[in-house]
Amino acid sequence: MINRGSYVWQPQKMDMFRKSRKAQDKRLYVWQLPIRLSHWLNILCITSLIITGYYISNPFMHAISEDQSIMAMMRFIHFVSAHILIASALIRIYWLFAGNKFARLKEFLPFTAEKRKEVLCFIKFYAFLKKEVHHPIGHNALAAISYSFAYFMIFLAILTGYALYSESHTGFFWYLAGGWVFGILSDGTIRLIHHFVMWVLTAFLIVHVYIVWLNDNIEGNGLISSIFTGYKIYHKD
Amino acid sequence: MLKSKDTIFDGLYSFGVSRRNFIKFCASMSATLALSSSAVPQIVEALEKKKKPYAIWLHFQECTGDTESILRASKPSIAQIVLDIVSLEYHETIMAGSGHAAEKALHDVVKNQKAKYIAIVEGSIPIKDGGIYCTIGGRTALDIANEVCGNAFVTLNVGSCSCWGGVSSAKPNPTGAVGIADAVSGIKYVNLPGCPVNAENITATIVHYLTFGTLPVLDRHNRPLFAYGKRIHDNCERRPHFDAGQFVRKWGDEGHRLGWCLYELGCKGPMAYKNCPTIKWNEGISYPIQAGHPCFACASNDSWDVFGPIYTRAPHVPGAGYQATADKIGAAVVAGTAAAVATHAAIRTFLGYKQKEKFAKEKDEADKIK
Amino acid sequence: MPKIVVDPVTRIEGHLRIEAIVEGGKIVDAWSSGTMWRGIENIVKGRDPREVWLILSRICGV
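Protein chains in written order, with this note's numbering: chain A, 9 to 245; chain B, 5 to 374; chain C, 3 to 64.
By construction, these hints were calculated from the structure, which means they are not laboratory data.
Do not rely on the hints blindly, as some may be mistaken.
Each pair of labels, with its calculated beta carbon distance range [what the hints assert, rightly or not]: (1) A:His47 / B:Glu241: 39 to 47 Å; (2) B:His104 / A:Leu164: 54 to 62 Å; (3) A:Phe157 / B:Ala335: 18 to 26 Å; (4) A:Phe87 / B:Ala100: 24 to 32 Å; (5) B:Lys28 / C:Asp31: 53 to 61 Å; (6) C:Gly48 / A:Leu164: 26 to 34 Å; (7) C:Gly48 / A:Ile72: 55 to 63 Å; (8) B:Ala335 / A:Phe236: 50 to 58 Å; (9) B:His104 / C:Gly48: 39 to 47 Å.
Source: prediction; values computed, not measured.
The beta carbon of each residue, even a glycine, is placed where N, CA and C say it ideally should be.
Build out the structure end to end from the sequences listed, making use of the hints.
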């Protein structure tokens, strides 16, 4: 049983627009360096992948002269970002086993009854049906599910992406990386999945940024700054 | 001095094909097969010495486009070459006999040349309702295929219809059309898809077999790698325009006249595996992209349904109507999410003001009590 | 009444079956049937109109 502490948001003590920092606040080191590194690499790579990916599917800029190489450059950036994203993913996967308790796989999968209750609590909270909610130190269970979902989307995009990459880059390595998918799905389906994940991840981005900002506002625990410094601030009542 | 007409070269010679043209043909076959020029003497020797194998050409649910293609094969008078490289005993479009005479010709080859003849099949087989949507001589296509392909040495499925059902199998596939390999089990087959197939690919496959005694290297869909191993996108002459970012936006615009890339018109070149840019059509004159029309990946199993309407770039979402591209749905998802988030923020703000008022009221009342 | 059946009729595109009843060297009754159907008109229903020509042209390759 992980001691999640007894930190509770109480509406009387802080209203929604004021962050408070009292003497008995504690600074907890929650997000280790590889987590934060992976997170920022993800942001950079995924943003560039979405922009270049959208261009590749729908060229919104046309070249004026033949000396330009817009599409070629976009594809190049797309491929390089994809490779960096893989590196970030590998770091994160390694840290699933090597990190502190907030980095483990268990954090991301709500397998216990307690966590499942937490998911329901948070859904009700976001739906304005509940006034207060118990914020755990690491990820809350609903956030954990959403991150698992996002990682799964990223995994799909990488797999289908490398399958498409193997169309023009022959060799056993690329077959291993994704070419084998053509034995299960057709080319059109692979492209559809790859393209659709782009939209799903954009939607996830919007929701993620908003919810993080929201929680930072409510909790007043420096959630947003924690992804830079690694420290979360908790108030004891 | 006329020799016996048993060997292939003799057959050609008797038709007036000069030795020079024969060697030229062998060289062009070597190129199509992506072999080096050192293979040419091997091909020459094979065609000079080998006896003509028998072949049967079957038509099922087809449009005869593949036959038309082979009749237009080039270098030199290929109709004679096809007729003389193999002994084509049965071909409904060009054979002399009909009715019982035709059936007898078919029956003779199947019986006398069992496991030695090549079956070339054009057109799909319908399997719905007992297969009655295609009958020849009173027998269903499935029945004929089971007998003829089952007894052949190898079956060449020419055209997309016989490879995986083709246009007949496009939604909603009213006749249950399937490719030969899906209808007849346990046969050795080579897929040569295309709509229609490029005849050079057929002749090259046969010549490969005659020269080396084996079928060419096949990919996971049983297509010869020499013809279907590379994408059109990777061999296209408009690729530099693609890389530069010069795309045709509308039919007949300036870019179209300058020969720019047809990507935005929905060209499926990046998904099409075929050697059209290399060997082209009608004796190497042109092919769709060169003529200014986007490729629609006719040799692919996905071309009729999965890729979506031919002039759209974005992938098609199945089951959502022909105008539902992934882009439209994706944009809707993102817009919906943004709207939901904005609504949530608005409600929060509203509740927050209400709460501030409530606190202010409570404070007032508390002050009053004091 | 001898009935003649010619199936397949060759040197045409497609599949044709001709049946005829011959009496005294004259054909007194005859039937012709196309023995293959693909349903192309059903296939084009509900599709983008700009690709209909592509499908319909596959009715005949001659």
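Results of checking the hints against the structure:
{"no.": "1", "hint": "A:His47 / B:Glu241: 39 to 47 Å", "verdict": "45 Å, holds"}
{"no.": "2", "hint": "B:His104 / A:Leu164: 54 to 62 Å", "verdict": "59 Å, holds"}
{"no.": "3", "hint": "A:Phe157 / B:Ala335: 18 to 26 Å", "verdict": "20 Å, holds"}
{"no.": "4", "hint": "A:Phe87 / B:Ala100: 24 to 32 Å", "verdict": "59 Å, violated"}
{"no.": "5", "hint": "B:Lys28 / C:Asp31: 53 to 61 Å", "verdict": "55 Å, holds"}
{"no.": "6", "hint": "C:Gly48 / A:Leu164: 26 to 34 Å", "verdict": "30 Å, holds"}
{"no.": "7", "hint": "C:Gly48 / A:Ile72: 55 to 63 Å", "verdict": "40 Å, violated"}
{"no.": "8", "hint": "B:Ala335 / A:Phe236: 50 to 58 Å", "verdict": "32 Å, violated"}
{"no.": "9", "hint": "B:His104 / C:Gly48: 39 to 47 Å", "verdict": "44 Å, holds"}
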